[in-house]
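If you want the building blocks of each chain, they are given just below.
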Amino acid sequence: MVDVVSFDVERGKVREFARSTFAVDPVYTDRGAAVARGHVDVVATPTYAVVSLHFRNQREWVAQLGLNIERVVVGSVRWTYRRPMVVGDVIVGTRRLVKDERKPGSGGDLRVLTLETDFVDATGQVVVTEENVVIERPST
Amino acid sequence: MSGALVVEAGQELPARVVGPLTQADVLRFAGACGDFNPLHYDTELARRAGFDAPIAMGQMTAGIVAAWIADWCGVERLAEFEVRFVAPVLVGDTITLTGEVADVVSGDDGREIARLAVVAAKGETVVVKGRASAVLAPAMPG
Chain X
21 MVDVVSFDVE RGKVREFARS TFAVDPVYTD RGAAVARGHV DVVATPTYAV VSLHFRNQRE
81 WVAQLGLNIE RVVVGSVRWT YRRPMVVGDV IVGTRRLVKD ERKPGSGGDL RVLTLETDFV
141 DATGQVVVTE ENVVIERPST
Chain R
617 MSGALVVEAG QELPARVVGP LTQADVLRFA GACGDFNPLH YDTELARRAG FDAPIAMGQM
677 TAGIVAAWIA DWCGVERLAE FEVRFVAPVL VGDTITLTGE VADVVSGDDG REIARLAVVA
737 AKGETVVVKG RASAVLAPAM PG
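Chains as they are written, first to last, in the working numbering: chain X, 21 to 160; chain R, 617 to 758.
Note that these hints are calculated values from the structure, not bench results.
Glycine included, every Cβ here is placed at the ideal spot set by N, Cα and C.
It cannot be assumed that every hint is accurate.
[To be verified] Ranges between beta-carbon positions, derived for each pair:
| no. | chain 1 | residue 1 | chain 2 | residue 2 | range |
| --- | --- | --- | --- | --- | --- |
| 1 | X | Thr114 | R | Val622 | 37 to 45 Å |
| 2 | X | Val55 | R | Pro630 | 24 to 32 Å |
| 3 | R | Ala625 | X | Glu90 | 40 to 48 Å |
| 4 | R | Thr710 | X | Pro158 | 39 to 47 Å |
| 5 | R | Pro654 | X | Trp81 | 15 to 23 Å |
Could you put the whole structure together from the sequences, leaning on the hints where they help?
Written out as structure tokens, the structure is:
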């Protein structure tokens, strides 16, 4: 396990995140529109779990994995959804290292890490799973 | 979202143009997600790192693409979304989002699923390649 993060899905934060990603569907901002679609309240945009960056200690996990942050880039991200996050959800994300590989690159070996986070609601159900592929470029 | 969404293979998603992205746009996303890496707002630092302007977060582009897909199909239909970061997006860039329904398949539970292929590009330069799956019917409860 790499780290655990918890956060509340908040109305204002959902609105702020929707605006910052140019979302236009009123389901993120208008409770009536969300209820009409069958939700109990306003829902979060698909990548809202990124707000967990606010609550994670980046230095700590980077150090734990032995990475040099200046050489780290994110290669890809994949999300698998069970349901949208809804305002009022209390979410706990547990991140695990699932792969740590070396792959040849043009300037030397790349270190390719696959990190998986299950975001779980208060009932223990996984709402969203996020898989991140992080690449550490070779030192020059 | 009630009722079935009817789509067919080859159908194009309505394109979205976002930008030119301002420094304020990037800072708004920084505030929303909590990523305050100075590469996203310090022009001098960005230049020293080899960029002409501060760079937007990959997660910002990913979020913009995801929101666009969800605006089209309904966020509760989205079953999977995946992006690969190909090139950086800089303050001042305009990105165009395009995509199509690659095919329509039956999921494990028998529900119809549209598989989407999407691209975000600035001019001719692809910045993000993505794939998504949307459940067509019946809609997933949110």
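Looking only at beta-carbon atoms, does the pair valine 55 of chain X, proline 630 of chain R fall within the given range of 24 to 32 Å? holds, 26 Å
Given the hint of 39 to 47 Å, is the C-beta distance from threonine 710 of chain R to proline 158 of chain X inside that range or not? violated, 33 Å
Taking the Cβ atom of threonine 114 of chain X and the Cβ atom of valine 622 of chain R, is their distance within the range 37 to 45 Å? Since threonine 114 of chain X and valine 622 of chain R have Cβ atoms about 38 Å apart, the given range 37 to 45 Å holds.
Range hint 40 to 48 Å (beta carbons of alanine 625 of chain R and glutamate 90 of chain X) holds or violated: holds, 44 Å
C-beta pair proline 654 of chain R, tryptophan 81 of chain X: status relative to the range 15 to 23 Å that was hinted: holds, 20 Å
Hint violations for this structure: number 4 only, all remaining hints satisfied.
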